[in-house]
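Peer 1: Build out the structure end to end from the sequences listed, making use of the hints.
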Amino acid sequence: MKQRIQHVVLIDDNKTTNFLNQYLMLKSKRFSKIDCFTEPQKVLYLLKHNPSFMPDLIFLDLDMPTMDGWEFLEKFKKLTPHKKSKTKIFILTSSIYNEKKLSIFPINLKEYLIKPLNMDIIESLCYKYFDSVYHIQ
Numbered sequence: 000m001k002q003r004i005q006h007v008v009l010i011d012d013n014k015t016t017n018f019l020n021q022y023l024m025l026k027s028k029r030f031s032k033i034d035c036f037t038e039p040q041k042v043l044y045l046l047k048h049n050p051s052f053m054p055d056l057i058f059l060d061l062d063m064p065t066m067d068g069w070e071f072l073e074k075f076k077k078l079t080p081h082k083k084s085k086t087k088i089f090i091l092t093s094s095i096y097n098e099k100k101l102s103i104f105p106i107n108l109k110e111y112l113i114k115p116l117n118m119d120i121i122e123s124l125c126y127k128y129f130d131s132v133y134h135i136q
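Here the sequence shown is numbered in numbering that gives the first Met the number 0, starting from 0 and rising by one per residue.
One or more hints might be untrue.
Unchecked claim - In silico DSBU-like pairs for lysine-lysine, Cα to Cα no more than 35 Å straight-line:
no.: 1; residue 1: K114; residue 2: K127
no.: 2; residue 1: K26; residue 2: K74
no.: 3; residue 1: K74; residue 2: K85
no.: 4; residue 1: K14; residue 2: K85
no.: 5; residue 1: K74; residue 2: K32
no.: 6; residue 1: K114; residue 2: K26
no.: 7; residue 1: K26; residue 2: K76
no.: 8; residue 1: K114; residue 2: K77
no.: 9; residue 1: K28; residue 2: K127
no.: 10; residue 1: K26; residue 2: K1
no.: 11; residue 1: K28; residue 2: K47
no.: 12; residue 1: K114; residue 2: K1
no.: 13; residue 1: K26; residue 2: K41
no.: 14; residue 1: K85; residue 2: K114
no.: 15; residue 1: K1; residue 2: K41
no.: 16; residue 1: K109; residue 2: K74
no.: 17; residue 1: K127; residue 2: K26
no.: 18; residue 1: K41; residue 2: K74
no.: 19; residue 1: K109; residue 2: K85
no.: 20; residue 1: K14; residue 2: K127
no.: 21; residue 1: K1; residue 2: K109
no.: 22; residue 1: K14; residue 2: K74
no.: 23; residue 1: K85; residue 2: K26
no.: 24; residue 1: K109; residue 2: K26
no.: 25; residue 1: K14; residue 2: K76
no.: 26; residue 1: K109; residue 2: K76
no.: 27; residue 1: K28; residue 2: K85
no.: 28; residue 1: K41; residue 2: K76
Derived from the structure by calculation, the hints contain no laboratory data.
As the structure is a computational prediction, the values presented were derived from the model and not from experiment.
Peer 2: See below:
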């Protein structure tokens with residue numbers, strides 16, 4: 000059964016990338032709410048000050064000027080240790096050399112994806128991580 004994902008956060012410093020990813024997600028009709036951010040600090044602020052903001056899914060770029068994705072993950076981990084966040088995090092980046100770092104971030108970090116996102120990837124991730132037929136925690 001196809002499940003609709005309630006809340007997705009896209010974090011990428013490139014507005015065009017966020018726009019295109021949001022477009023694909025809306026086209027897939029699998030997502031209810033999609034928030035786009037170019038500054039990861041804003042997401043951390045919302046998570047800290049608004050507990051209801053916690054998304055089901057985060058797509059995270061690594062190479063951003065004000066705070067990189069690895070730093071975001073460190074701060075996210077500190078913000079959510081007791082909340083037992085069910086947020087699934089996917090790295091979505093053009094950097095192919097950082098994949099080995101995944102093992103040091105066991106918190107809900109599911110996959111390392113290389114840009115660009117496409118419909119096949121979206122459907123595959125939804126099926127693998129959210130659909131009740133094939134659901135992995």
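Peer 1: Against this structure, judge whether each hint is valid.
Peer 2: Outcome of the hint check:
1. Proposed proximity of K114 and K127 is supported: the alpha carbons are some 19 Å apart, at most 35 Å.
2. Using a Cα cut-off of 35 Å, the hinted pair K26 and K74 holds, with the two alpha carbons roughly 32 Å apart.
3. Our distance criterion of 35 Å between C-alpha atoms is met by K74 and K85, whose separation comes to about 16 Å.
4. Note on K14 and K85: the hinted pairing holds, with a Cα-Cα distance of about 26 Å set against a maximum of 35 Å.
5. With a C-alpha separation of about 23 Å, the suggested pairing of K74 with K32 holds against the 35 Å cut-off.
6. The hinted pair formed by K114 and K26 meets the criterion: a straight-line CA distance of about 18 Å does not exceed 35 Å.
7. For the hint linking K26 to K76, the alpha-carbon distance of about 31 Å falls within 35 Å, and the restraint holds.
8. Annotation: proposed proximity of K114 to K77 holds, straight-line Cα distance about 27 Å (limit 35 Å).
9. Restraint check for K28 and K127: satisfied, since their Cα atoms lie roughly 16 Å apart, inside the 35 Å limit.
10. With a C-alpha separation of about 15 Å, the suggested pair K26 and K1 falls inside the 35 Å cut-off, and the hint holds.
11. For the hint pairing K28 with K47, the CA-to-CA distance comes to about 29 Å; that is within 35 Å, so the pair holds.
12. Restraint check for K114 and K1: satisfied, since their Cα atoms lie roughly 24 Å apart, inside the 35 Å limit.
13. Distance hint between K26 and K41 is fulfilled; the C-alpha atoms sit about 26 Å from each other, no more than 35 Å.
14. Proximity of K85 to K114 is assessed by CA-CA distance (about 24 Å); at most 35 Å being required, the pair is judged to hold.
15. At roughly 31 Å between alpha-carbon atoms, K1 and K41 fall within 35 Å of each other, so this suggested pair holds.
16. A C-alpha spacing of about 17 Å is found between K109 and K74, which places the hinted pair at or below 35 Å, so the restraint holds.
17. The suggested pairing of K127 with K26 holds, with an alpha-carbon distance near 19 Å, which does not exceed 35 Å.
18. For the proposed pair K41 and K74, the alpha carbon gap of about 12 Å is at most 35 Å, so the pair holds.
19. At roughly 11 Å between alpha-carbon atoms, K109 and K85 fall within 35 Å of each other, so this suggested pair holds.
20. The straight-line distance between the Cα atoms of K14 and K127 is roughly 28 Å, inside the 35 Å bound, and the hint therefore holds.
21. For the suggested pair K1 and K109, the alpha carbons sit about 19 Å apart, so the restraint of at most 35 Å is met.
22. Of the pairs offered as hints, the one joining K14 and K74 holds, with about 23 Å between alpha carbons and a cut-off of 35 Å not exceeded.
23. The suggested pairing of K85 with K26 holds, with an alpha-carbon distance near 25 Å, which does not exceed 35 Å.
24. About 23 Å separates the Cα atoms of K109 and K26, which keeps this hinted pair within 35 Å; it holds.
25. With a CA separation close to 25 Å, the supplied pair K14 and K76 stays within the 35 Å bound.
26. At most 35 Å may separate the alpha-carbon atoms for a hinted pair to count; K109 and K76 meet this at roughly 14 Å.
27. Note on K28 and K85: the hinted pairing holds, with a Cα-Cα distance of about 21 Å set against a maximum of 35 Å.
28. Taken as a hint, the K41 and K76 pair is honoured in the structure, with Cα atoms around 16 Å apart against an allowance of 35 Å.
In terms of the numbered hints stated before, the structure departs from none.
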